[in-house]
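So the sequence lines, in the order shown, correspond to chains A and B.
One rule links them: number in this note's numbering = place in the first sequence (from 1) + 5.
One rule links them: number in this note's numbering = place in the second sequence (from 1) + 5.
I should point out that these hints are in silico values taken from the structure, not numbers from a laboratory.
Wrong hints could be hidden among the right ones.
Note: identical chains are not told apart, hence a pair may lie in one copy or across any two.
Lysine-lysine pairs mimicking DSS-like chemistry, simulated, CA-CA at most 27 Å apart [claimed, not checked]:
(1) K159 with K59
(2) K286 with K214
(3) K297 with K140
(4) K269 with K257
(5) K169 with K52
(6) K218 with K297
(7) K264 with K250
(8) K213 with K170
(9) K34 with K50
(10) K113 with K33
(11) K165 with K218
(12) K169 with K218
Number of protein chains: 2
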Amino acid sequence: MFNKVLIIGCGLIGSSILRAIISKKLSKKIFISEKSKSNISKIKKIKSNYTFIKNINSEISDCDLVIICTPMNQYKNIIQKLNQRLKKGSLITDVSSTKQNVIKLKNKILNKKLIWISSHPIAGSEVSGPEYGDKNLFLNKWSVIIREKKQNSKKINLLKKFWKKIGSKVILMDSVNHDKIFSITSHLPHLIAYNLIKTAQDSQKIQKKNLIKYSAGGLRDFSRIAASNEIMWRDIFFNNDNIIKAINLFNKNLNSFKKLIQNKNNKKLLLRLSNSKKVRKQILQLKQDIAKPDFGR
Amino acid sequence: MFNKVLIIGCGLIGSSILRAIISKKLSKKIFISEKSKSNISKIKKIKSNYTFIKNINSEISDCDLVIICTPMNQYKNIIQKLNQRLKKGSLITDVSSTKQNVIKLKNKILNKKLIWISSHPIAGSEVSGPEYGDKNLFLNKWSVIIREKKQNSKKINLLKKFWKKIGSKVILMDSVNHDKIFSITSHLPHLIAYNLIKTAQDSQKIQKKNLIKYSAGGLRDFSRIAASNEIMWRDIFFNNDNIIKAINLFNKNLNSFKKLIQNKNNKKLLLRLSNSKKVRKQILQLKQDIAKPDFGR
Chain A
6 MFNKVLIIGC GLIGSSILRA IISKKLSKKI FISEKSKSNI SKIKKIKSNY
56 TFIKNINSEI SDCDLVIICT PMNQYKNIIQ KLNQRLKKGS LITDVSSTKQ
106 NVIKLKNKIL NKKLIWISSH PIAGSEVSGP EYGDKNLFLN KWSVIIREKK
156 QNSKKINLLK KFWKKIGSKV ILMDSVNHDK IFSITSHLPH LIAYNLIKTA
206 QDSQKIQKKN LIKYSAGGLR DFSRIAASNE IMWRDIFFNN DNIIKAINLF
256 NKNLNSFKKL IQNKNNKKLL LRLSNSKKVR KQILQLKQDI AKPDFGR
Chain B
6 MFNKVLIIGC GLIGSSILRA IISKKLSKKI FISEKSKSNI SKIKKIKSNY
56 TFIKNINSEI SDCDLVIICT PMNQYKNIIQ KLNQRLKKGS LITDVSSTKQ
106 NVIKLKNKIL NKKLIWISSH PIAGSEVSGP EYGDKNLFLN KWSVIIREKK
156 QNSKKINLLK KFWKKIGSKV ILMDSVNHDK IFSITSHLPH LIAYNLIKTA
206 QDSQKIQKKN LIKYSAGGLR DFSRIAASNE IMWRDIFFNN DNIIKAINLF
256 NKNLNSFKKL IQNKNNKKLL LRLSNSKKVR KQILQLKQDI AKPDFGR
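Same shape as in the complex, but just chain A:
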């Protein structure tokens, strides 16, 4: 499929892409740019041919695909280097979780000779680092490709083909819709999980009791989500403006929930609780989760 691919940033997502490319034999040569020495030694356990590079040099100026998998706050520096080194018409993508900010940045500083089509594979975990990477991480998961005006349709198709080859279902949407949708399905749930764990920590101090000991009752699942990478999630919360709207809507619902309890409004409370089952049903129908009940792992 490709002659040369460059992966910049090789943590959980980058190394999963690396493993998938190796497994599917999608590129003759693979280059990896990774700053962390500890990550490099972990990646080296993956047996295959790939080359670590310190700088983007002439050898890789003609890359078919550059995939940026670093935290978003490194994008600016990376773009400046790519501007200098990459050949005209080179295809760049990234895997960030918020898109309006990325599109804005690249429109501002990316050299017009280069083609950046942004991606967001909806895959991840509470763990980070290349040791947890998995060639099947993207299998049957959505990969969003960000649609913009006047895009190179040949390159869009190439990128689509790439994500499909490594197992994803592909959907195109614009960055505004992307950020709206994922503010609700991903960003708000993570923020709420972080906030719940903070509340449990505070309660532990107030009650002077080891609450965590009894976490089997529900806290457990939230603690997993709230153990996700803090750099990644800081970047997401700072870069998706929709999160404030999402918090406000959540807050409004929480206050009305509280009132239903205080007023012992039996009928409305039951309705609210049973309505949630519809969402679960949809999620199971869409095969986003399996129906097997969870009794605590």
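Position chain B relative to chain A; hints supplied.
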């Protein structure tokens, strides 16, 4: 261990207790009181000797242990029947998730000849009904026994022994502490999950988009928790007064979280996000969950 045990209400928890008693041969005779015809036909698939009863009659007036596993709003009726039929000194327990209300009710209306020691096995799932029951549901899970003044220590020991025999770790605490602790570790997380799903449903209407389709990004796990039994959770929210305090603390934290985002307070936000990992670490150390990462089931 027992000659006669009576299980009143045989859904997920009741039928799990039934299966455990059968499996461990803890009682010569087992009686089941269950109103739902559909549940009865599901229970009948469990091959063993047990007897369905319609009314508490003379045959079971000398039960060694009565275990109430119905929704809490049926307790009053049940107590009135037990008052009439059970012999002096009979031991009753229940498995409800809130305790101050149960203790108050039984202190008010239970005949003084009967001994009620309340229990709360910390086990369950998003599914309900006897078809999901499991003899190992209580294995390595906490069972709380509610301590009160002037309790029959012989009966406490018998109840302790019972929960241990079916696999639980047992802890004694008073009802006030019980309700405080579980308002945070169990009741608030469920309320928050219900509220998050409601917020996603509202957003779906506002955005006129099928958000649920992309739920793999985090909503999925909350949807499972929010699919729990609405009758049980209505009763819990109505009966644990601590839930309002818990909501208020959560709300306070959510507002400060929002401010950190709005003010782009990098340092404090990173601290807050990374602090959650401590709770996860504790939970794994306590073996409340396994360390195996979750990449979506």
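query: Failing hints, ascending?
result: 1, 8 and 10
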